[in-house]
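J.: Protein sequence lines correspond, in order, to chains A and B. Sequence positions in the first sequence follow numbering that gives the first Met the number 0 and run 0 to 340. Sequence positions in the second sequence follow numbering that gives the first Met the number 0 and run 0 to 345.
Hints are computed from structural coordinates only; laboratory data are not their basis. Any given hint could turn out to be false.
Okay, derived cross-link-like pairs now, PhoX-like style, lysine-lysine, Cα gap no bigger than 25 Å in a straight line [stated by the list, open to error]:
1. B/K326 to B/K261
2. B/K56 to A/K3
3. B/K102 to A/K118
4. B/K154 to B/K56
5. B/K55 to A/K123
6. B/K55 to A/K119
7. B/K261 to B/K55
8. B/K245 to A/K136
Quick caveat, the model's predicted, so the values are computed rather than measured.
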Amino acid sequence: MLIKELTLAEGISGDEFDIRNKIKTEINNNLFDVFTDSMGNLFATKKEKKESINVMVTAHMDEVGLMITLINDNGTLKFKTIGSIDERVLASKRFFIGPQLIPGVIGTKPIHLLEGDEKKQPLKAKELYIDIGCNSKEQAQQLVQPGDYAYFDTEFIEMENQMIKSKAFDNRVGCSLIIDLLMENYNINLQACFTAQEEIGSRGAGPAARRIKPDCTIILEGTTCCDVPHTEGHNIVAKINGGPVISIIDKATIANRKFFDFVTEIAKKNNIKYQIKEGIYGRNDSAPIQASENGIPTIVISVPCRYIHSPSSVMSLNDYNETAKLIKALLNELNYEIIGG
Amino acid sequence: MKDNLKTLSLFSAPPGREDFAANLISEIFSKYCDSVTVDNFNNVCGIKKTGIENSKKIALYAHMDEIALMVTDIDNHGFISFISIGGVDPRILLSQEVIIHGKREVYGVIGTKPPHLQIDNESKEIIIEKLYIDIGMTREQINGIIRVGDYITFKGKWIELQNNIVSSKSLDNRAGVTVLIEVMKELSEDSLDSQIIFNATTQEEVGLRGATINAYTVEPDLAIVVDAGFGDMSGLDKDETFILGKGPAIGIGPNMHPVLSKELINYAKQNNIPYQIDVEPGNTGTEAWTIQISKIGVPVLLISIPLRYMHTTVETISLDDVIASAKLISGFIRHIQGRLEELMCL
Numbered sequence: 000m001l002i003k004e005l006t007l008a009e010g011i012s013g014d015e016f017d018i019r020n021k022i023k024t025e026i027n028n029n030l031f032d033v034f035t036d037s038m039g040n041l042f043a044t045k046k047e048k049k050e051s052i053n054v055m056v057t058a059h060m061d062e063v064g065l066m067i068t069l070i071n072d073n074g075t076l077k078f079k080t081i082g083s084i085d086e087r088v089l090a091s092k093r094f095f096i097g098p099q100l101i102p103g104v105i106g107t108k109p110i111h112l113l114e115g116d117e118k119k120q121p122l123k124a125k126e127l128y129i130d131i132g133c134n135s136k137e138q139a140q141q142l143v144q145p146g147d148y149a150y151f152d153t154e155f156i157e158m159e160n161q162m163i164k165s166k167a168f169d170n171r172v173g174c175s176l177i178i179d180l181l182m183e184n185y186n187i188n189l190q191a192c193f194t195a196q197e198e199i200g201s202r203g204a205g206p207a208a209r210r211i212k213p214d215c216t217i218i219l220e221g222t223t224c225c226d227v228p229h230t231e232g233h234n235i236v237a238k239i240n241g242g243p244v245i246s247i248i249d250k251a252t253i254a255n256r257k258f259f260d261f262v263t264e265i266a267k268k269n270n271i272k273y274q275i276k277e278g279i280y281g282r283n284d285s286a287p288i289q290a291s292e293n294g295i296p297t298i299v300i301s302v303p304c305r306y307i308h309s310p311s312s313v314m315s316l317n318d319y320n321e322t323a324k325l326i327k328a329l330l331n332e333l334n335y336e337i338i339g340g
Numbered sequence: 000m001k002d003n004l005k006t007l008s009l010f011s012a013p014p015g016r017e018d019f020a021a022n023l024i025s026e027i028f029s030k031y032c033d034s035v036t037v038d039n040f041n042n043v044c045g046i047k048k049t050g051i052e053n054s055k056k057i058a059l060y061a062h063m064d065e066i067a068l069m070v071t072d073i074d075n076h077g078f079i080s081f082i083s084i085g086g087v088d089p090r091i092l093l094s095q096e097v098i099i100h101g102k103r104e105v106y107g108v109i110g111t112k113p114p115h116l117q118i119d120n121e122s123k124e125i126i127i128e129k130l131y132i133d134i135g136m137t138r139e140q141i142n143g144i145i146r147v148g149d150y151i152t153f154k155g156k157w158i159e160l161q162n163n164i165v166s167s168k169s170l171d172n173r174a175g176v177t178v179l180i181e182v183m184k185e186l187s188e189d190s191l192d193s194q195i196i197f198n199a200t201t202q203e204e205v206g207l208r209g210a211t212i213n214a215y216t217v218e219p220d221l222a223i224v225v226d227a228g229f230g231d232m233s234g235l236d237k238d239e240t241f242i243l244g245k246g247p248a249i250g251i252g253p254n255m256h257p258v259l260s261k262e263l264i265n266y267a268k269q270n271n272i273p274y275q276i277d278v279e280p281g282n283t284g285t286e287a288w289t290i291q292i293s294k295i296g297v298p299v300l301l302i303s304i305p306l307r308y309m310h311t312t313v314e315t316i317s318l319d320d321v322i323a324s325a326k327l328i329s330g331f332i333r334h335i336q337g338r339l340e341e342l343m344c345l
């Protein structure tokens, strides 16, 4: 399964080498021009040009993770988080560190030795460290360096009911959707971009948009969905098996209304179940893209994923398939009139 | 040795359902013991016989159960609530992978709210009653497969770190069970004066229950308990932890037989087997505590394998310590043959 390969690839913001190479291998055929830029964005544009609009479809390929900041005298490693991670998910987890993928663990004090209400105090990242089994700084220095990235060591699991579990569905699910899209023909000029460094503030997307100068952009994401116990109303954001999530507003952008209405119409016309993102949460590559050049109409379409930014994220292949259907239908019907010239 | 430890650690044996693993352990024990039985409490008991009538009984103990969770409720959307069985720190639970032992095994993850949705003044305390397991099934689908009261175990992974150090779930106390297997292998060709009884015991994590039953039945003349001891890590005092790779910790204090523990330390010293001292002023929190006062009283020795991050899914030990523990115990058993009566006298 392509999504499995993509989620298990390494690619924390700024270290997208492995995921970029995996995607390159997937899209390597003579129908596309494939190239990269200095930010690490990866582009694929169809060689054949049509008399039609240029539609950029993007998905960021980076993921959240850790970076080693210091090697302690006893050979353990201090770290900081890259991207937004709930530091409470780090305890009792496995990691791969640096280019050699050295295995390590983050352990915690045994429960037997906790004092007072220590058990009630959530663990902070700065109290934790990674243990790679070295007993001295000198030994550890042979294997890892400050600045090395540390990746969650997690498995891809096929759960019940077409549900799957892995790390980095945000946003390898978007990357997988684009790779699927590229295999078909549309009446528009499709410009695909796998962006870098979204998780630390959408750094790659702006330069990418200003290079491509598209007429409009569809941003594909794996977005949070919190349809779980103790969460109510709009705070659930979206539901698993509710179909593709279409954003009308987030913390940094408001969707182009004409574009938004068009997307929902297409969904209805094609009997594709969709949902509108509830609440005003999160931000993504749409912000720098929308504000690029003279302003670019954007729409964000996401696959709902539970527990994003953790090593155990969960999503449904049904939602993936519905999202793929919607985007293909969109690409077949987009034209100058919709985008408003 | 490594393969046994890996297989054993990844097996599920929650307190009360050690029968999940009892067959596997019986099978391994059968290779090296003259007889193997499983009692009413799922304790697996392998005997190396002597052929001598009324020979002394040296019993080795390592518990095979592990900390676990249990289903308390299933909500209308199929999310599963749970409680802990044994000492589980709620702070290790977020984003953890588990196996629910229902009619069949079902995989699940413990959910966590993504940082994007957390409100600034929201309490960050992790309360076990508020956590839930996501198995991706609806309430209707779950009917007949998972019930309240079903066991949940952690899904771990075996990984090898530097310096012969390994990390996995349940090394507390599959490392101890592995030591027992190494001792029975080592002694399998010996003809000894005393019977050796190898016990993989149950329900230790909920109160030393399996060993209590077993000691009553077995009536050992000497019991050697092998368990995990706290490994060195920053944030813990040096006097309550043991350094990984520096050998097993030999317990001294009122829970241990004073003459025999001294003899064990001398044996290690004279034979250049690395060891550390585990000073225990009272309750050792191990099976040694219950076995010592079984029936008319049993002399007890305690050997602890240094283990970091106890009761997490990344328990970490040095394989060198497993090997040294087995060497120490098998050598010591040979060393005290014919002298047990004399050493036991106070």
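J.: Determine for every hint whether it applies to the structure shown.
T.: How the hints compare with the structure:
1. B/K326 to B/K261: 17 Å, holds
2. B/K56 to A/K3: Violated - the C-alpha atoms of A/K3 and B/K56 are around 55 Å apart, more than 25 Å.
3. B/K102 to A/K118: 34 Å, violated
4. B/K154 to B/K56: 37 Å, violated
5. B/K55 to A/K123: 53 Å, violated
6. B/K55 to A/K119: 49 Å, violated
7. B/K261 to B/K55: 20 Å, holds
8. B/K245 to A/K136: Holds, at roughly 18 Å.
Of the numbered hints stated above, those contradicted by the structure are hints 2, 3, 4, 5 and 6, listed in ascending order.
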